[in-house]
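Number of protein chains: 2
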Amino acid sequence: MSTVVTVTPNPALDVTYQVDALRVGRSHRVHRVIERAGGKGVNVARVVRALDGNAVVVAPFGGVTGSALETSLRADGFDVRPVPVAAQTRRTVTVVADGEATALNEPGRALAPEEWVAVENAVADAAVAGDVAVISGSTPRDAPRDLHARLIERARLAGAATVVDTSGPSLLAAAEAAPALVKPNADELREATGEPDVTTAAHILLDRGARSVVVSLGADGLAGFDGTAAWRVAPVPGLAGNPTGAGDAVVAALALSMSDGTPWPDALVRATACGAAAVPADAAGKIDLGAYARFLPTLTAERFE
Amino acid sequence: MSTVVTVTPNPALDVTYQVDALRVGRSHRVHRVIERAGGKGVNVARVVRALDGNAVVVAPFGGVTGSALETSLRADGFDVRPVPVAAQTRRTVTVVADGEATALNEPGRALAPEEWVAVENAVADAAVAGDVAVISGSTPRDAPRDLHARLIERARLAGAATVVDTSGPSLLAAAEAAPALVKPNADELREATGEPDVTTAAHILLDRGARSVVVSLGADGLAGFDGTAAWRVAPVPGLAGNPTGAGDAVVAALALSMSDGTPWPDALVRATACGAAAVPADAAGKIDLGAYARFLPTLTAERFE
Numbered sequence: 001m002s003t004v005v006t007v008t009p010n011p012a013l014d015v016t017y018q019v020d021a022l023r024v025g026r027s028h029r030v031h032r033v034i035e036r037a038g039g040k041g042v043n044v045a046r047v048v049r050a051l052d053g054n055a056v057v058v059a060p061f062g063g064v065t066g067s068a069l070e071t072s073l074r075a076d077g078f079d080v081r082p083v084p085v086a087a088q089t090r091r092t093v094t095v096v097a098d099g100e101a102t103a104l105n106e107p108g109r110a111l112a113p114e115e116w117v118a119v120e121n122a123v124a125d126a127a128v129a130g131d132v133a134v135i136s137g138s139t140p141r142d143a144p145r146d147l148h149a150r151l152i153e154r155a156r157l158a159g160a161a162t163v164v165d166t167s168g169p170s171l172l173a174a175a176e177a178a179p180a181l182v183k184p185n186a187d188e189l190r191e192a193t194g195e196p197d198v199t200t201a202a203h204i205l206l207d208r209g210a211r212s213v214v215v216s217l218g219a220d221g222l223a224g225f226d227g228t229a230a231w232r233v234a235p236v237p238g239l240a241g242n243p244t245g246a247g248d249a250v251v252a253a254l255a256l257s258m259s260d261g262t263p264w265p266d267a268l269v270r271a272t273a274c275g276a277a278a279v280p281a282d283a284a285g286k287i288d289l290g291a292y293a294r295f296l297p298t299l300t301a302e303r304f305e
Numbered sequence: 001m002s003t004v005v006t007v008t009p010n011p012a013l014d015v016t017y018q019v020d021a022l023r024v025g026r027s028h029r030v031h032r033v034i035e036r037a038g039g040k041g042v043n044v045a046r047v048v049r050a051l052d053g054n055a056v057v058v059a060p061f062g063g064v065t066g067s068a069l070e071t072s073l074r075a076d077g078f079d080v081r082p083v084p085v086a087a088q089t090r091r092t093v094t095v096v097a098d099g100e101a102t103a104l105n106e107p108g109r110a111l112a113p114e115e116w117v118a119v120e121n122a123v124a125d126a127a128v129a130g131d132v133a134v135i136s137g138s139t140p141r142d143a144p145r146d147l148h149a150r151l152i153e154r155a156r157l158a159g160a161a162t163v164v165d166t167s168g169p170s171l172l173a174a175a176e177a178a179p180a181l182v183k184p185n186a187d188e189l190r191e192a193t194g195e196p197d198v199t200t201a202a203h204i205l206l207d208r209g210a211r212s213v214v215v216s217l218g219a220d221g222l223a224g225f226d227g228t229a230a231w232r233v234a235p236v237p238g239l240a241g242n243p244t245g246a247g248d249a250v251v252a253a254l255a256l257s258m259s260d261g262t263p264w265p266d267a268l269v270r271a272t273a274c275g276a277a278a279v280p281a282d283a284a285g286k287i288d289l290g291a292y293a294r295f296l297p298t299l300t301a302e303r304f305e
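Chains A and B supply the protein sequences, listed in that same order. Here the first sequence stands for residues 1 to 305, where the numbers follow UniProt numbering. Here the second sequence stands for residues 1 to 305, where the numbers follow UniProt numbering.
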């Protein structure tokens, strides 16, 4: 079985604080502290494993938080390919009170140019022919402008297809390096291209070089474009829960479909079901497997272009 | 010169996040992250050093945050007597936005009984005759009820006087072990004794066994009781800034006065000036030495009982 090699340029130690009520300007006693290895690529790897796929985690780790992340991922049984870096890995703190989440995201600290080369080498070492490399999330400040292009090229030389889930200028730059798939959400797609219409915006990325584009539309489901056709999957109705991590679950399902040769319309259905199954789960990187199995037969991909 | 041995049963890695505006339910990009070794005893040690005194830091340290604390204190040149414990040392996160501070305080994780004995042994090892032991701050959950009494007794056996700055049942229990001084603020004193009048409440602690009581009254200055007389120092007028850490600066000055034999009214004046000099400083454990020197000659202790 081929492997999904996840690359997380900007991992984080995700810390969740539960408090009674969050009031600005006050002091709060934290009732519960939950620490978890995070970053979008790490979440993708968790979902790949939940779906019985092989996942490798490539990420730069630095300082005490980097050590904590690496230790935690190994304890969870992941095949981790750590790239040691000088800068301390960032934390995110999410304060949960009265069912509402307030997030405080530390910026990723800058890596040295040779540390980025080490990340590229780690991807090249991890990927073999037939694998799928997934590059997920933001980049720390001062990351090379051509980071995504270089990672895509190294994966290609190793014989692996590439999926990119990022935003802003990185999304445009990644598309130009001709990855097999880019997966923005609708807001990210509009913001990066400056084009309000999702179909037109997706074609901008195809024209730049992306072989296919999947756009998560939130409450409107999913749209997929492969240059010759466009497909749409309507959402699972009546979902309630936490949509954080649903995009990562979509990416995980798409990467697995790519690695096992699932046809495009079926891949989009799997991705929609998997993203929906992340909503009832209580943390990013988790999916409700029972819900996934229930959702799958209810969904169809319809061609609209 | 004698030494101030600070004991911090519940130390913390204090993390400060600067954000543009804190809005409940939203995501925030953190612009600046400041990490600092914290806990009230650590703050006391910082002020003792700023006033050219000798300070030793005794505290339990565990996990990656404990390592970070120990490393940071050693880098600052402190004589640290770490007590290794299994539980990870807690963090506090303070979010600063629009000049307003919102604090999220992790609870201290429970220590094993033998780890508390190791803390007591560390105090006994660090203190010599003529030293002053300062026990500051809260205790982690499930700390022994007689922790303060045991620490006071071990310091006494080593020939050291003891200052206690704590609250709640710990304050009452500590007073019964006859420390040289307890230093609650007015709210802590009222809450622990159930007595609204500060003078009456201070006498409750003296009757329980404390040899002297100093009460910080915030905007009303400082009151000191030694069983035979009561003194009051009016506050420095027109102070603006951050009162966090002012109580620790008061304790540091009182401990230094005790160690160098400064007479009681002068000690109260030094303590008031030192507490006031913490207000313009930008972090707990810092004082403005210029302000301290300016405030000192303007203050007097007046006997009122």
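It should be emphasised that the hints constitute simulated quantities derived from the structure, not laboratory data. C-beta atoms are modelled at their ideal positions from N, C-alpha and C, and glycine is treated no differently. Please note that the accuracy of each hint is not assured.
[Said to hold, decoys possible] Computed footprint of chain A on chain B; a stretch qualifies when at least three of its residues, placed anywhere within it, have a C-beta under 8 angstroms from a C-beta of chain A:
id	stretch
1	25-37
2	62-72
3	93-102
4	105-119
[To be verified] Counterexamples of contact, computed for chain B against chain A with all Cβ distances above 10 angstroms:
id	residue
5	V19
6	N54
7	G159
8	T199
9	D226
10	A291
Checked against the structure, which of the hints given earlier come out wrong?
-> Going through the list in order, the structure violates hint 5 alone and respects the others.
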